[in-house]
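The whole structure should be built from the sequences, with the hints applied where relevant.
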Amino acid sequence: AQTVTQSQPEMSVQEAETVTLSCTYDTSESDYYLFWYKQPPSRQMILVIRQEAYKQQNATENRFSVNFQKAAKSFSLKISDSQLGDAAMYFCAYKGYVAKIIFGKGTRLHILP
Amino acid sequence: DGGITQSPKYLFRKEGQNVTLSCEQNLNHDAMYWYRQDPGQGLRLIYYSQIVNDFQKGDIAEGYSVSREKKESFPLTVTSAQKNPTAFYLCASSSDGTNEKLFFGSGTQLSVL
Numbered sequence: 001a002q003t004v005t006q007s008q009p010e011m012s013v014q015e016a017e018t019v020t021l022s023c024t025y026d027t028s029e030s031d032y033y034l035f036w037y038k039q040p041p042s043r044q045m046i047l048v049i050r051q052e053a054y055k056q057q058n059a060t061e062n063r064f065s066v067n068f069q070k071a072a073k074s075f076s077l078k079i080s081d082s083q084l085g086d087a088a089m090y091f092c093a094y095k096g097y098v099a100k101i102i103f104g105k106g107t108r109l110h111i112l113p
Numbered sequence: 001d002g003g004i005t006q007s008p009k010y011l012f013r014k015e016g017q018n019v020t021l022s023c024e025q026n027l028n029h030d031a032m033y034w035y036r037q038d039p040g041q042g043l044r045l046i047y048y049s050q051i052v053n054d055f056q057k058g059d060i061a062e063g064y065s066v067s068r069e070k071k072e073s074f075p076l077t078v079t080s081a082q083k084n085p086t087a088f089y090l091c092a093s094s095s096d097g098t099n100e101k102l103f104f105g106s107g108t109q110l111s112v113l
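From first to last, the protein sequence lines are chains A and B. Each residue of the first sequence is one higher than the last, beginning at 1 in this note's numbering. Each residue of the second sequence is one higher than the last, beginning at 1 in this note's numbering.
Just so you know, the hints here were simulated from the structure itself, not pulled from any lab data. Any given hint could be a false lead.
[Claimed, not checked] Computed list of lysine-lysine pairs in PhoX-like fashion (alpha-carbon distance at most 20 Å, straight line):
#1 Lys78/A - Lys100/A
#2 Lys14/B - Lys105/A
#3 Lys100/A - Lys71/B
#4 Lys83/B - Lys100/A
#5 Lys55/A - Lys71/B
#6 Lys100/A - Lys101/B
#7 Lys83/B - Lys14/B
[Unchecked claim] According to the in silico footprint, chain A covers these stretches of chain B (three or more CB under 8 Å from chain A):
#8 42–48
#9 72–85
For glycine and all other residues, C-beta sits at the position ideal for the given N, C-alpha and C.
This is the structure in structure tokens:
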């Protein structure tokens, strides 16, 4: 069975600095999708970024980018120029051949003014 | 506007009572999901459905039941067999059940009286 592990329960970063959140996963599938979701205090889940495993190029969305290492089964999220609005829980998620989508336990990100 | 509607926002359950959480989507999505979130925890999959009249157990299905009689609707019943039902419940959908991102509802907070 697939698993998703986020080893950093909490992190802090100074406003305007860069922070990287870690995610590793375990799978025997060759084609899959990886996601980072953000959950602010409102608890509404928001998609941050998505990566298809067959694409070698790392996905980017404005200040958010990923470092996807397929062989190492690693999928980290880099947030550049951190802003106060980035404070949230961040979840890494995996979707394989079937519709089932599994999530890691999350990393709580604090932004220090 | 297209989206996912969960109701009610807050729900209270008495001992021995079954309660049903509503989830409706007008996005014409095939796949729908139910997740449970405990404080400080990630999202755990309860049930998912790829098409009408079909659904699959997730990782924590015991004490829960679902139905998928219409494409738009995927209600979740928390039965009296679920001994620790207090949690935040999130419903989600995706367009083809294989490679698309999840769209989430705003959640239902269930508490035990």
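Against the structure, the hints come out as follows:
1. Lys78/A - Lys100/A: The given pair, whose Cα atoms are some 26 Å apart, is violated under the 20 Å limit.
2. Lys14/B - Lys105/A: violated, 29 Å
3. Lys100/A - Lys71/B: holds, 17 Å
4. Lys83/B - Lys100/A: Roughly 25 Å separates the two Cα atoms, so the pair is violated.
5. Lys55/A - Lys71/B: violated, 32 Å
6. Lys100/A - Lys101/B: holds, 12 Å
7. Lys83/B - Lys14/B: Distance ~11 Å between lysine 83/B and lysine 14/B Cα, so the pair holds.
8. 42–48: holds (count 5)
9. 72–85: As far as the region 72–85 of chain B goes, the hint is violated, because 0 residues have Cβ atoms under 8 Å from chain A.
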